[in-house]
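Asks: In order, the protein sequences belong to chains A and B.
Everything in the first sequence is counted per my numbering, starting at 1 for the first residue and increasing by one.
Everything in the second sequence is counted per my numbering, starting at 1001 for the first residue and increasing by one.
Hints were generated in silico from the structure; no laboratory data involved.
Do not take every clue at face value.
Stated by the list, open to error - Incomplete in silico selection of chain A near chain B, CB under 8 Å:
no.	residue
1	Val-30
2	Glu-50
3	Ala-55
4	Trp-97
5	Ala-132
6	Leu-136
7	Ile-144
8	Thr-146
9	Leu-147
10	Lys-150
11	Leu-151
12	Leu-189
13	Leu-190
Ideal placement from N, C-alpha and C gives every residue a C-beta, glycine not left out.
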Amino acid sequence: MTGTEPAEASDLDLVRRAQAGDADAFGELVERNRRAVFRAALAALGSPAEADDVAQDAFVVAYRKLGSFRGEAAFRTWLLAIAWRKALDRRKSLNRWLRLSVDPHPAGDDDHTTNWIEQMPEPSRSQEETVAAQQLQQMLRKLIRTLPRKLKDALLLAGSGEYTYEQISHILGVPVGTVKWRVSEARKLLKEKMSAMGHAYEV
Amino acid sequence: MKSDQEPLDLDAAIDRAVRSMMTAEPRPGMRQRVLSRINEAPRRAFPMLRLAMAGGGIAVIALAVVLRDGNRPIRPIEEPARVPGHPVVAAPPPRVQAPAARVPPPVSAPPTANRTQALSPRIPRGMVVAQSLPSEDPVRSAAVGPTVVPEAPENLLLPPLSTIQELQPPGDSVPAITVAPIGIVNLQPIAPLQGQYPGPSR
């Protein structure tokens, strides 16, 4: 078999080249992992703008610490752990607390950027059903934000579809079983809150 | 609403809500932004924090210097002037006695010749002593038993700390201090009260 096109380099190959000083190789790593890093930061912060800043910081830190990457874990897993720590630092920062105390819902909030998903009418649903579904989604998003942080983080990371439970376990620094328990507990709490509010569910 | 489908619907609603919260995309150009930051000159992280730490360190050093100057020991007592022919004796450190002490002061050997000329003893209040001094009351003067010293006047109490003077080395001008004994001076045996004690007049 003659390969006219070079096989795509693996992450490990790109890491080795980046460690040798190849900036383009690191750029390729950024391109491959930017969405995963961004969404991990988004799960922690809830704001796309802040998640974008943290993702950039995470990549810069990863580049500076590239020499310490030994290849024991996958590069993405190692990178996501760095991004998560940066996101937590940002979440704990006093400046962020001050900003949120002034404007609890800054521009770029998920309700504004993703509302169009629920607004798309479905042929099988009436307009009333679509409106009810949108209201349910808004209510659920609000309830998810009120969950305890550990449960919320696990639920968002698992529900994003970007990460395996093993990767989430490495990001959060807890066993896989704990991740699964937190996800299950988060769902249970949400259902209890919905029941307490007397919300009737339609099929 | 069908009860067997209720959990499934709510789970599906939760999944949709979570996906809607996590579907945002990063701004385009992440690669260029990261590479440009990497190629920049490494800037110091947290410059304000470093400045604040430096200022705090300077403040701590200044405070330590001020406290050290404030806690310097008291200037030592100046040595007494040398007198020709007399060796200089270093003054003992000042001693301050507790004002509330009820323990009688130590008694030195009284001079036998000038007991009557001794200074009034400084006797704490309530101290029971034998009556060694002559009294105007003939009944009391005949009494053999011990009597309770009445409450001492103010001038017999220990002076306040501020008036305590520093001890001076012994010299010719300092008179000998004698203290009247507080022990029982009258060595006559104490006779039983009944039959001999006249008692108060009724």
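Asks: Measuring from the C-beta of A:Ile-144 to each C-beta in chain B, is the shortest one below 8 Å?
Replies: holds (6 Å)
Asks: Restraint: A:Leu-189 near chain B, CB-CB cut 8 Å. Satisfied or not?
Replies: violated (11 Å)
Asks: How about A:Thr-146: closest beta carbon in chain B under 8 Å, or not?
Replies: violated (13 Å)
Asks: Holds or violated: is the Cβ of A:Leu-147 closer than 8 Å to a Cβ in chain B?
Replies: violated (11 Å)
Asks: Restraint: A:Leu-151 near chain B, CB-CB cut 8 Å. Satisfied or not?
Replies: At 12 Å from the nearest chain B Cβ, A:Leu-151 fails the 8 Å test, so the hint is violated.
Asks: Next item in the hint list is A:Ala-132. Is there a CB on chain B closer than 8 Å to its CB?
Replies: violated (11 Å)
Asks: Under 8 Å, Cβ to Cβ, is where A:Leu-136 needs to be relative to chain B, so tell me if that hint holds or is violated.
Replies: holds (6 Å)
Asks: Does A:Val-30 hold up as a contact with chain B if the rule is Cβ-Cβ below 8 Å?
Replies: A:Val-30 check passes; min Cβ-Cβ to chain B is 5 Å, inside 8 Å.
Asks: Can A:Leu-190 be said to touch chain B, with a Cβ gap under 8 Å?
Replies: holds (6 Å)
Asks: If you take the shortest Cβ to Cβ gap from A:Trp-97 to chain B, is it below 8 Å?
Replies: violated (17 Å)
Asks: Hint check: is the beta carbon of A:Glu-50 less than 8 Å from a beta carbon of chain B?
Replies: At about 11 Å, which exceeds the 8 Å cut-off, the nearest Cβ of chain B leaves the hint on A:Glu-50 violated.
Asks: With 8 Å as the cut and Cβ atoms as the points, is A:Ala-55 at the interface with chain B?
Replies: holds (6 Å)
The structure is inconsistent with the numbered hints 2, 4, 5, 8, 9, 10, 11, 12, although it conforms to all the rest.
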